[in-house]
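These protein sequence lines map, in sequence, to chains C and S. With our numbering as the guide, the letters of the first sequence map in order to residues 1 to 321. With our numbering as the guide, the letters of the second sequence map in order to residues 1001 to 1328.
No lab work stands behind these hints, which were simulated from the structure alone. Glycine included, each C-beta is placed from N, C-alpha and C at the ideal position.
Cβ pair distances, simulated, as ranges:
| id | chain 1 | residue 1 | chain 2 | residue 2 | range |
| --- | --- | --- | --- | --- | --- |
| 1 | C | Lys232 | S | Lys1305 | 40 to 48 Å |
| 2 | S | Gln1155 | C | Trp160 | 50 to 58 Å |
| 3 | S | Arg1079 | C | Met1 | 52 to 60 Å |
| 4 | C | Tyr4 | S | Gly1274 | 54 to 62 Å |
| 5 | S | Val1276 | C | Lys231 | 34 to 42 Å |
| 6 | S | Asn1257 | C | Pro245 | 45 to 53 Å |
| 7 | C | Pro230 | S | Val1188 | 32 to 40 Å |
| 8 | S | Lys1322 | C | Pro230 | 44 to 52 Å |
| 9 | C | Arg125 | S | Gly1122 | 31 to 39 Å |
| 10 | S | Glu1302 | C | Arg125 | 41 to 49 Å |
| 11 | C | Pro230 | S | Tyr1203 | 33 to 41 Å |
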Amino acid sequence: MIKYIIKRLLQMLVVLFVVSLVVFIFTNYIGDPISMLLPEDASQEEIQQAIRRLGLDKPIHVQYGIFVKDILSGNFGKSYVFSRPALELIIERIPATLEIVITAMIIAIVLAIPLGVYAGAYPKRRSSKVIMAGSILGISLPSFWVGMMMIYIFSVILGWMPASGRGEAIEVFGMRLSIFSMSGWRHIMLPALTLALGNIAMLLRLTRAGMQENMRQDYVKFARAKGVSPKKVLFGHALKNALIPVVTVFGVRIGQLIAFTTITETIYAWPGMGKLLIDSIYMADRPIIVAYLMLVAVIFVVINFAVDIIYTLIDPRIELR
Amino acid sequence: MGNKLLEVKELRTYFHTFKGVVKAVDGISFSLEEGEILGIVGESGSGKSVTSFSILKLIEEPGVVEAEEILFKGEDLFRKSEKDMMKVRGREISMIFQDPMTSLNPLYTIQQQIEEMLKLHGNFNEGQRKERCIELLRLVGIPNPEDRLKSYPHQFSGGMRQRVIIAIALAANPKLIIADEPTTALDVTIQAQILKLMKELVYNEGASLILITHDLAVVSQMADRIAVMYCGKIVEEGSTDDIIKNTAHPYTKGLLNSIPRLNKNLNRLEQIPGMVPNMFDLPRGCKFAPRCKYSKEKCLVEEPKNIIVGRGHRTACHFPLKEGYILD
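Pulled out of the complex, with its shape left as it was, chain C reads as follows (with noise of 0.2 Å):
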């Protein structure tokens, strides 16, 4: 178990080089930092302070250099835009995209397993079918299209919700979260209810899929044969046999929202991470995307992780190699 930590670990500085090369030579190349940050009628003087400022003069090897010597003393540059640390502008955002990001999860296993569990075990039952139906319409509608719907039918028509910002943070753990409080509450619903709805699409298809392929199954059939309760036998038995490929995609899409709920931040001008990264590719703050592109490569390797960790309790035919 240590030893296979350890090999993650090493895993993870590889990627974070990689990633980091990558990056910073394609970041270079996109966008013009300068015409960004000065006036249109700056003077040519006041153009090369600027780059001498950024050390936009030195040639990339070097400016690479400089920025591994930074990252390895814990800095990750200076944002162009704000003056302050790029990290440090990260990681403020952090809670208010992971506190809508688990509230769509949840929403998202709460709703999808249950319901994909019967659509597997009863096919042909018009319940089933209008589920079935229902999950398409999620999978196909763009997440810009139905937060601008939710909008319109839940704030404009209804004015059940705000339409966009976010509640009244409290700090928790040294975190500023908007969840422990009603207005936060009700700011919260709505994203992350748009961002949930793909995603109890997709889970509940892989959950039916895979359901469907466990009740042919021997076993399933056995453990009617020894009187185990329907109940039992769809969730005890079946549905855990099914979970595996669930657990994947759930990795994978948490990571994704993590890292890219720009669209649905961007909708609701939820000040997160995602909104963080749009603005910063849109002024070529370069520090910033490079730190944010990394923060996600860490966050990817930590989530691919836990799903590891997870596949081996939930199947103890695999083992952590």
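Dock chain S against the given chain C, drawing on the hints supplied.
For chain S alone, kept in the frame of chain C given last:
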């Protein structure tokens, strides 16, 4: 002996598929006495497995089970609710499946899978359950049962798994065990061991056994009585001795002749010509007529009735190999 444990009357299991209706089991009747071993023999697709699942009402859509009655200890299983059936399954009637590699849930330990049965059908505390698990594993001949409780199915060989399955089937002291081709997936040396074990256990526990197999040789060593099935019907039923020595139905004769024997010097084994008919398009008269060397015109148009050819020995044939009288 002498007390009827199970009485199946006019059992019909039809599968309503897109292509048409498959009459997998078509009006069979048989009975079983306490402590008796009944062998049900037939080719693939003759309806023998469906029969066993029908008794426990484990047939799934598009299958539909109909029966005049399925009396078990005097109670009609056919009219029992699904909830009541859950108390019969495992506790009163348990099953052993064909393929031990797939019958156990790969994600639970052996102990969990035996205990599931004990939790459902008994009042044991945790310690007693563990004791009983060890006792059962020892009973089915698993060495060092204490150490194997926490093992998973994939850590066992096929023969060992089938022993575990037998242990599960015995866990709640059922009155009847239905074994559906219990040794087909095992290699020959293990087959003999498992069969011997089953016969001993059934005898010691005072249970009855329905042994379903396509292997007439296996069944003749095990069973007190044999029912031969062909295309969803019982074509001959009688004591093992009668079936083997006083064979009445040409199909049974054919099966017997195709068993290899060491004491007879034959160059070629006999075989039954032709194939099992398409279940969607069964012959009109006797289902076996197209393959039967004794068949006459009558066989092709009229379905044969049951004929009594001896004490407790009946066959469904127009021209049985033994004299008898028609029963209606």
